[in-house]
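A.B. asks: Letter by letter, the chains look like this.
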Amino acid sequence: MRKEKIFRASKYLFLISISFLSLFPLLWMFIAATNKSVDVLAGTLFPGTNLVENFKTLTANTNLYRAMWNSFKYAAVTTLASLLVSSLAGYGFEIYHDRGKDFLMNILLLSMMVPFAVIMVPLYMLFGNLGLLNTTAGFALPTVSTAFLIFLFRQSSRNFPHEVIEASRLDGLTEVGIFFRMFIPIMRSTYAAAAVITFMNAWNNYLWPLIIMQKESARTMPLLISNLTAGYTIDYGVLMLAVGISILPTLIIFLALQKNFAEGVTGSAK
Amino acid sequence: MIHTTIEKIKSYKNGFSINTKHKLIGWFFVIPGALLIFSFYFYPIIRAFILSLQGGVGNNLRFAGLFNYKRLLQDGLFKQSMFNVFIYLILQVPIMLSLALILAGILNDRTLKFRSFFRTAIFVPCATSLVSYAIIFRSMFALDGFINTILMNLNILAEPINWLGGPWTARLLIVIGLTWRWTGYNMIFYLAGLQNIDPAIYEAAKIDGASAFDRLTKITIPILKPIILLTTIMSTNGTLQIFDETQNLTSGGPANATLSVSQYIYRLSFEYVPRFGYAAAIAFVVFIIVAVLSFMQLKVGDER
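Listed in order, the protein sequences are those of chains P and H.
All residue numbers for the first sequence refer to the numbering used here, where the first residue is 1 and numbers rise by one.
All residue numbers for the second sequence refer to the numbering used here, where the first residue is 271 and numbers rise by one.
Treat the hints with caution; some may be incorrect.
Okay, derived cross-link-like pairs now, BS3-like style, lysine-lysine, Cα gap no bigger than 25 Å in a straight line [as the list claims (entries may be wrong)]:
id, chain 1, residue 1, chain 2, residue 2
1, H, K383, P, K11
2, P, K259, H, K383
3, H, K569, H, K495
4, P, K5, H, K476
5, P, K215, P, K56
6, H, K476, H, K488
7, H, K488, H, K569
8, H, K488, P, K5
9, P, K5, H, K383
10, H, K476, P, K11
11, P, K259, H, K495
12, P, K215, P, K73
13, P, K11, H, K488
14, H, K495, H, K476
15, H, K383, H, K476
16, P, K3, H, K488
17, H, K476, P, K3
18, P, K3, H, K383
19, P, K36, P, K56
Rather than coming from a laboratory, the hints here were simulated on the basis of the structure.
Make the full structure from the sequences, and use the hints.
C.D. replies: Right, dumping it as structure tokens:
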């Protein structure tokens, strides 16, 4: 019995220390954002009074609002377009499946094996030729259709009751009508999961915008904070405030929709 | 009204023509998505291969045969970047996946207090972008940064450690960072898998006198095998492609000790005098390595 107790206590101790290590860097970032750079380096662990000052310095030296708006615009367009295209495809692959479509699906899945670094140079050349550098469409297009999301929607279409389809056909709904009027409302939770994951990926994307967003006015938040570290002396208070601002939206979405996020992450693994 | 409904049912039951029509309509559902994947994944792969057979600077490209592939065999930086990513892979993936598995095992216990708090706390790093966390870690581990200050105040260190200045401490930082960011992510996969296991199996094993370790190795791991395989393949691919962290945490330094292959491709294409052909050759080698490793892992996973 004693042994059991020690085992249980050590389990909690282990969980508490891992949780602490997980949360601490984020906590430290928010504390640092409210302090002067010297205090951050001196190792302070208390919220300071320099938050407003840091914010003024940040907005004076960078195009913060522009970068926030760009990130939001790119991520929102990517999410809407990719939910539509990928769910249409996932639904089509499952509901109307035949040999040809099953084969095509298997081919599409191979695209998950393609590392981005491998295709970035040809993609960059292609988008340059199409005149899509520095544009929202340029940001979104490579991730509008992903095998991951198509697969997720194909798996969830399996749970879509066939009786609904048949009843809707008898009621005279067209095939496209069934998809928009029946499938989308019934599959809300799958859409939520897919939206959370797509939005966060787009918001956090770094390498692709680094390549194609060459104009200052087209830059995103990850590019902005990455640029802040380029100077010789770094103002850590300002830097951590910028990082904090870029993390806050995804952190809120994460905490509010954690269940959907977990579903989206693991959805295609089931 | 009733008549038309009956007509419809009849025509539906006749089936074949309608069925063919539906299958045809189905193609319109899948074609936009498929076309986009062909344009932005498969076409660029073919382009990358053609490009890799070309030499020259900028857009002045001409056919060069296998010259680029011969060149990379003698390229010290290419070998260095390959070495670096394999170090990350060998050190980080096993540590992270075992930790994730242990955590999932503990958190699957329904009698555990504060279970959802622990779960959220360990999962929360996933909400941060790779660039953001890389910069947080870089700031914390700076020479005059928080970690050194605290360690010196606690008299654990006499002199600050130059984390970002030494090749192995810098690599260690990348490994620590990756583990911090992705352990919770993988844990979620294992938790989802564990939920499909009937708790009665564990009860029965306990009654039969199986230790916690036995239960892990004889029940949990075999049942989770497909998910462990999936996470291994995902982490392997992710690590081989690492870019954001080595770019923002260590900037590839010191002296290219943390430079990743993706970063080297990026530099060859966009930072140095652009050599798209040579960059494409390296990219194509990475593609082959990723494909072969995934295939090998699938094979090994099948046999066990």
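A.B. asks: Take the hints in turn and mark each one as holding or not.
C.D. replies: Hints, verified against the model:
no. : hint            : in the structure
1   : H/K383 / P/K11  : holds, 11 Å
2   : P/K259 / H/K383 : holds, 19 Å
3   : H/K569 / H/K495 : holds, 13 Å
4   : P/K5 / H/K476   : holds, 16 Å
5   : P/K215 / P/K56  : holds, 24 Å
6   : H/K476 / H/K488 : holds, 12 Å
7   : H/K488 / H/K569 : holds, 22 Å
8   : H/K488 / P/K5   : holds, 24 Å
9   : P/K5 / H/K383   : holds, 14 Å
10  : H/K476 / P/K11  : holds, 18 Å
11  : P/K259 / H/K495 : holds, 24 Å
12  : P/K215 / P/K73  : holds, 16 Å
13  : P/K11 / H/K488  : holds, 21 Å
14  : H/K495 / H/K476 : holds, 22 Å
15  : H/K383 / H/K476 : holds, 21 Å
16  : P/K3 / H/K488   : holds, 22 Å
17  : H/K476 / P/K3   : holds, 15 Å
18  : P/K3 / H/K383   : holds, 19 Å
19  : P/K36 / P/K56   : holds, 13 Å
No hint from the list above goes unmet by this structure.
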